[in-house]
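Colleague: The lines below spell out each chain.
There are 2 protein chains.
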Amino acid sequence: MLLAYHFTNQHSPFILQSQKSIEVCYTPAQYELYRGGYDVIVVIDVLRATSAMTTALHYGVEKIIPVASVSEAEAYKAKGFTVGAERDGQVVEGFDFGNSPYVYIDQDMRGKTIVLTTTNGTKAIDIAKNDGQVVIGCLNNLDYLCDWLIKQHKNTLILASGWKDKVNLEDTICAGAIVDQLLDSKKFIASEDSTVAAKFLFKSAQNNLWSFLRASSHRRRLIHLKIQKDVKYCLTLNTVPCIPILRDGALVKLHE
Amino acid sequence: MLLAYHFTNQHSPFILQSQKSIEVCYTPAQYELYRGGYDVIVVIDVLRATSAMTTALHYGVEKIIPVASVSEAEAYKAKGFTVGAERDGQVVEGFDFGNSPYVYIDQDMRGKTIVLTTTNGTKAIDIAKNDGQVVIGCLNNLDYLCDWLIKQHKNTLILASGWKDKVNLEDTICAGAIVDQLLDSKKFIASEDSTVAAKFLFKSAQNNLWSFLRASSHRRRLIHLKIQKDVKYCLTLNTVPCIPILRDGALVKLHE
Chain A
1 MLLAYHFTNQ HSPFILQSQK SIEVCYTPAQ YELYRGGYDV IVVIDVLRAT SAMTTALHYG
61 VEKIIPVASV SEAEAYKAKG FTVGAERDGQ VVEGFDFGNS PYVYIDQDMR GKTIVLTTTN
121 GTKAIDIAKN DGQVVIGCLN NLDYLCDWLI KQHKNTLILA SGWKDKVNLE DTICAGAIVD
181 QLLDSKKFIA SEDSTVAAKF LFKSAQNNLW SFLRASSHRR RLIHLKIQKD VKYCLTLNTV
241 PCIPILRDGA LVKLHE
Chain B
1 MLLAYHFTNQ HSPFILQSQK SIEVCYTPAQ YELYRGGYDV IVVIDVLRAT SAMTTALHYG
61 VEKIIPVASV SEAEAYKAKG FTVGAERDGQ VVEGFDFGNS PYVYIDQDMR GKTIVLTTTN
121 GTKAIDIAKN DGQVVIGCLN NLDYLCDWLI KQHKNTLILA SGWKDKVNLE DTICAGAIVD
181 QLLDSKKFIA SEDSTVAAKF LFKSAQNNLW SFLRASSHRR RLIHLKIQKD VKYCLTLNTV
241 PCIPILRDGA LVKLHE
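Residue numbers (our numbering), protein chains in the order written: chain A, 1 to 256; chain B, 1 to 256.
Simulated from the structure, these hints should not be mistaken for laboratory data. Values in this document were obtained by computation on a predicted structure and should not be read as measured data. It is possible that some hints are incorrect.
As the list claims (entries may be wrong) - In silico EDC-like pairs for lysine to aspartate or glutamate, Cα to Cα no more than 16 angstroms straight-line: (1) B:K166 to A:D165; (2) B:K20 to B:D180; (3) A:K151 to A:D39; (4) B:K20 to B:E32; (5) B:K232 to B:E256; (6) B:K112 to B:E62; (7) A:K77 to A:D96; (8) A:K129 to A:E256; (9) B:K164 to A:E32; (10) A:K186 to A:D248; (11) B:K166 to A:E32; (12) A:K166 to B:E62; (13) B:K154 to B:D126; (14) A:K166 to B:D106; (15) A:K164 to B:D88; (16) A:K253 to A:E32; (17) B:K63 to B:E32; (18) B:K77 to B:E93.
Stated by the list, open to error - Only some residues are given here: those of chain A computed to face chain B with a beta carbon under 10 angstroms: (19) S21; (20) C25; (21) Y26; (22) T27; (23) Q30; (24) Y59; (25) W163; (26) N168; (27) I173; (28) V196; (29) S211; (30) D248; (31) A250; (32) V252; (33) H255.
Claimed, not checked - Quick list of simulated restraints, FRET-style, between CB atoms: (34) A:E62 to B:Q90: 28 to 36 angstroms; (35) A:I105 to B:S211: 41 to 49 angstroms; (36) A:Q152 to B:K129: 30 to 38 angstroms; (37) A:K164 to B:L254: 29 to 37 angstroms; (38) A:Q152 to B:D248: 41 to 49 angstroms; (39) B:Q90 to A:N130: 46 to 54 angstroms; (40) A:N207 to B:L237: 24 to 32 angstroms.
Glycine included, each C-beta is placed from N, C-alpha and C at the ideal position.
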């Protein structure tokens, strides 16, 4: 990777340090253009899949098996698994729950293995799972995740789930917030315009994040699904100190 | 289209007015997700194809035939046409010029028909040409184009050319500048997150546009191609009051 000198302290003013890449891909549809060369892939689906996954593992769910299709989810259900399925913001018929984070803050969920399929988020996990270490990001675990990423210091791609292959604002802003912290550490460098744009979007939204992001959910009519409480939960920063990490096809809580 | 009430003046405080769509697609690769329902499609490739096209027609080139591939360009050359071809920022071997706007500010170009293929811009024109009225946008014709689009008052899609199917900053910011003016007119409405993000990017770059955009060209190493003069030309607002419009497969100057 690129080499850069950094001024550190008066005793050893220059340390030759290897900078790692931090880049952002806005949607799974664009992933082929970014694939390769990343050791860590952070999947984001702020409304609501990755917020729900992070919440679930933090509050005691043992394991989440993300699956891309409803038919895979049905197959697991037939085998007796506890299965959630969401499409277009709603629970799929025949399933008991979708991607509301509140579902997982429940005594009954503790220690369980959950199977989950969602409109955008599980698709993003599926396409990236063989290309690097997949971890889960959201606004709820923002600072905790950034600290870990900086400590890892590996080439990192943020894969936003978007909305049906189009860019969405809340994932891009969450990605921009991560980029901002990683660039601030001076241990990372960004070279894609998508990454720089995400950072600038976060910066311009930073002081008014809630109304900025709520407008996005309004535009996608999520608000009509009576999930205002979920939206507010998902758009709140740093409430859940937990990083879901993909191991052997299942998300588990990272223990450091 | 959507209907909205607007407060206009004290004599007729409310006028029921039909608002038209203004949306932004960041790259040709995402065009399929946006295709359909747009009467006007504005193709943007700020560095440098659409800036060059606008300049050419303003300074007297009669007609530009955009072609998507180098082989098509070669076929025209064999027939005796004046042909430009650019790939990766450089003139393709065997051709006399590429997409530098300065090439077209030349007495010898007046009255001519030019055939042109470029890395990103002509591809964008090609995929949109049958879906609506294609016109050409850039920073050089920004206000002039916006005035015309507002006067037309039709459902409008801005198709940014991007950089090899990835989003690029200068096209997105130019798109955001157009969106900003059209929304300000109150005659248009935006509902895609890509459109809102482009507008916010423009707003955050607005006061420092030159250094913001120059950084983008640096990252793409255009600066190493010794085209600094071109980059500066293309990033300068409102220098060329001309709108190229696609008619019968060729771009001509719009005469109002």
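Colleague: Determine for every hint whether it applies to the structure shown.
Modeller: Evaluated hints:
1. Simply put, K166 (chain B) and D165 (chain A) have alpha-carbon atoms about 14 angstroms apart, close enough for the 16 angstroms limit, and the pair holds.
2. Our distance criterion of 16 angstroms between C-alpha atoms is met by K20 (chain B) and D180 (chain B), whose separation comes to about 14 angstroms.
3. Proposed proximity of K151 (chain A) and D39 (chain A) is supported: the alpha carbons are some 13 angstroms apart, at most 16 angstroms.
4. Restraint check for K20 (chain B) and E32 (chain B): the C-alpha separation of about 20 angstroms exceeds 16 angstroms, so the hint is violated.
5. Between K232 (chain B) and E256 (chain B) the CA atoms are separated by roughly 29 angstroms; this puts the pair beyond 16 angstroms, and the hint is violated.
6. For the suggested pair K112 (chain B) and E62 (chain B), the alpha carbons sit about 5 angstroms apart, so the restraint of at most 16 angstroms is met.
7. Distance check on the hinted pair: K77 (chain A) and D96 (chain A) sit about 10 angstroms apart at the alpha-carbon level, within 16 angstroms; holds.
8. At roughly 21 angstroms between alpha-carbon atoms, K129 (chain A) and E256 (chain A) are farther apart than 16 angstroms, so this suggested pair is violated.
9. In summary, the hint linking K164 (chain B) to E32 (chain A) is supported, as the alpha carbons are separated by about 12 angstroms, within the 16 angstroms threshold.
10. Between K186 (chain A) and D248 (chain A) the alpha-carbon distance is near 32 angstroms, which puts this suggested pair outside the 16 angstroms criterion.
11. With a C-alpha separation of about 11 angstroms, the suggested pair K166 (chain B) and E32 (chain A) falls inside the 16 angstroms cut-off, and the hint holds.
12. Of the pairs offered as hints, the one joining K166 (chain A) and E62 (chain B) is violated, with about 38 angstroms between alpha carbons and a cut-off of 16 angstroms exceeded.
13. Only pairs whose Cα atoms come within 16 angstroms are accepted, and K154 (chain B) paired with D126 (chain B) is rejected, the gap being roughly 21 angstroms.
14. Note on K166 (chain A) and D106 (chain B): the hinted pairing is violated, with a Cα-Cα distance of about 42 angstroms set against a maximum of 16 angstroms.
15. Only pairs whose Cα atoms come within 16 angstroms are accepted, and K164 (chain A) paired with D88 (chain B) is rejected, the gap being roughly 31 angstroms.
16. The suggested pairing of K253 (chain A) with E32 (chain A) is violated, with an alpha-carbon distance near 28 angstroms, which exceeds 16 angstroms.
17. Of the pairs offered as hints, the one joining K63 (chain B) and E32 (chain B) is violated, with about 28 angstroms between alpha carbons and a cut-off of 16 angstroms exceeded.
18. A distance of roughly 13 angstroms separates the Cα atoms of K77 (chain B) and E93 (chain B); the hinted pair therefore holds under the 16 angstroms criterion.
19. Violation of the interface hint for S21 (chain A) is found here, the shortest Cβ-Cβ separation to chain B being roughly 13 angstroms, above the 10 angstroms cut-off.
20. Proximity of C25 (chain A) to chain B holds as hinted, the smallest CB-CB distance being about 9 angstroms (cut-off 10 angstroms).
21. Look at Y26 (chain A): its Cβ gets to within about 7 angstroms of chain B, closer than 10 angstroms, so that hint holds up.
22. Proximity of T27 (chain A) to chain B holds as hinted, the smallest CB-CB distance being about 8 angstroms (cut-off 10 angstroms).
23. Below 10 angstroms, beta-carbon pairs count as interface contacts, and Q30 (chain A) has one with chain B at about 7 angstroms; its hint therefore holds.
24. The interface hint given for Y59 (chain A) is broken, as the beta carbon of that residue sits about 30 angstroms from the closest beta carbon of chain B, more than 10 angstroms.
25. Interface restraint check: W163 (chain A) against chain B, minimum CB-CB distance 7 angstroms, threshold 10 angstroms, status holds.
26. For N168 (chain A), the shortest C-beta to C-beta distance to chain B is roughly 5 angstroms, which falls under 10 angstroms, so the interface hint holds.
27. Taking 10 angstroms as the C-beta contact cut-off toward chain B, the hint placing I173 (chain A) at the interface holds, the least distance being around 9 angstroms.
28. At about 6 angstroms, the closest approach between the beta carbon of V196 (chain A) and any beta carbon in chain B falls short of 10 angstroms, and the interface hint on this residue holds.
29. Here the hint on S211 (chain A) is broken, as its CB sits about 13 angstroms from the closest CB of chain B, past 10 angstroms.
30. The restraint placing D248 (chain A) at the interface with chain B is violated, with a minimum CB-CB distance near 33 angstroms, outside the 10 angstroms limit.
31. A distance limit of 10 angstroms between C-beta atoms decides the matter here; for A250 (chain A) the minimum to chain B is near 31 angstroms, and the interface restraint is violated.
32. For V252 (chain A), the interface hint is violated, since its Cβ never comes within 10 angstroms of a Cβ in chain B; the closest pair sits about 31 angstroms apart.
33. Residue-level restraint check for H255 (chain A) is violated (minimum Cβ-Cβ distance to chain B is 35 angstroms; threshold 10 angstroms).
34. Between E62 (chain A) and Q90 (chain B) the CB atoms are about 56 angstroms apart, so this pair departs from the stated range of 28 to 36 angstroms.
35. Roughly 46 angstroms separates the CB atoms of I105 (chain A) and S211 (chain B), a value that falls within the hinted 41 to 49 angstroms.
36. Taking the beta carbon of each, Q152 (chain A) and K129 (chain B) are about 47 angstroms apart, not inside 30 to 38 angstroms as hinted.
37. As the Cβ distance of K164 (chain A) to L254 (chain B) is approximately 35 angstroms, the hint placing it in 29 to 37 angstroms holds.
38. A C-beta distance of roughly 57 angstroms is found between Q152 (chain A) and D248 (chain B), which places it outside the suggested range of 41 to 49 angstroms.
39. For Q90 (chain B) and N130 (chain A), the Cβ-Cβ distance of about 36 angstroms falls outside the hinted range of 46 to 54 angstroms, so the restraint is violated.
40. Separation of N207 (chain A) from L237 (chain B) is about 27 angstroms and conforms to the stated range, judged on CB atoms against 24 to 32 angstroms.
Checked against the numbered hints above, the structure violates hints 4, 5, 8, 10, 12, 13, 14, 15, 16, 17, 19, 24, 29, 30, 31, 32, 33, 34, 36, 38 and 39; every other hint is satisfied.
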